[in-house]
Amino acid sequence: MEESEDVPKDFVKLKCEKLSVDEVSEMVVSPYCGAVSLFIGTTRNNFEGKKVIHLEYEAYTSMAEAEIKKICRNVRQKWPSVKHIAVHHRLGVVPITEASVIIAVSSPHRAESLEAVMYCINTLKASVPIWKKEIYEDEYSWKENKECFWANSEK
Amino acid sequence: QVSVLYFARSAELAGLRCETLSVPQEITSLQLWEEIVKVHPRLAVIRDQVIFAVRQEYVLLGDQLLVLQPGDEVAIIPPISGG
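Residue numbers (the working numbering), protein chains in the order written: chain A, 389 to 543; chain B, 1202 to 1284.
If you are wondering where the hints come from, they were derived from the structure by calculation, not from laboratory data. Note that beta-carbon positions come from the ideal geometry of N, C-alpha and C, so glycine has one too. Where hints are given, some of them may not hold.
[Stated by the list, open to error] FRET-style restraints, in silico, Cβ to Cβ:
| id | chain 1 | residue 1 | chain 2 | residue 2 | range |
| --- | --- | --- | --- | --- | --- |
| 1 | B | Gly-1272 | A | Lys-534 | 31 to 37 Å |
| 2 | A | Ala-499 | B | Arg-1218 | 22 to 28 Å |
| 3 | B | Val-1268 | A | Asp-394 | 40 to 46 Å |
[Claimed, not checked] Simulated coverage check for chain B against chain A, where a stretch passes if three residues somewhere in it have a Cβ under 8 Å from a Cβ of chain A:
| id | stretch |
| --- | --- |
| 4 | 1206 to 1214 |
| 5 | 1268 to 1280 |
Bound-form chain A, shown alone (with noise of 0.2 Å):
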């Protein structure tokens, strides 16, 4: 076995291009490892009644990438047996039913991966500064996460 195996890594990418769920899990596999979770956000075609016709992702990246990998390192904090970690988001235009965002977990078994996937995507939804514009027939709406801890309505 080589050394270079156990070394956890993360892997945090935002890029316009179409995101691979191959691509994202390979990056995770270990032999080390019996469970590989995965999440997939993918674009929904309708909001409140409302056509969607593509949503489009904007951020502020070097901070989005920061607080991501600020995000794994909690994660291994909470899962000290999580390998490895990805997270890619698109940005740009994302078409209907297209991956917006993939989250990959490693870990030995199955339980810490599975909740550590569930945990960066709560986690990335109230924390990491990326904005989704959802392009109606003939308008526009810039969404807002209710996790977001600044955004109350009732302020």
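Please arrange chain B on chain A, whose structure you already have, making use of the hints.
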């Protein structure tokens, strides 16, 4: 002199994505917001929904005293919607 970055709705209202602004070195986050709104009055409508990121750390609009260095990045952060 700090770099102010605008995103999403705030970039639409301000009409630009980044600019350099001269502000006092010590300033509260609320005062910083008010300086920015003087330059871009249309931003006033989102005051209750935004926070700042100063040197890539989130800062609420309020009494928190910021100590800014020349070239620091200050970003206007509307409610996020990643994922």
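Hints, one by one, checked against the model:
Taken as a hint, the range 31 to 37 Å holds for the pair Gly-1272 (chain B) and Lys-534 (chain A), whose Cβ atoms sit roughly 35 Å apart. One distance hint, 22 to 28 Å for the beta-carbon pair Ala-499 (chain A) and Arg-1218 (chain B), is violated here, with the actual separation near 43 Å. At about 43 Å, the beta-carbon gap between Val-1268 (chain B) and Asp-394 (chain A) stays in the expected band of 40 to 46 Å. With a threshold of 8 Å between beta carbons, the proposed coverage of the stretch 1206 to 1214 of chain B by chain A holds, since 4 of its residues qualify and at least three are required.
Remark: the stretch 1268 to 1280 of chain B is confirmed as covered by chain A, as 4 of its residues place a Cβ nearer than 8 Å to a Cβ of that chain, reaching the required three.
Checked against the numbered hints given earlier, the structure breaks only hint 2 and satisfies all the rest.
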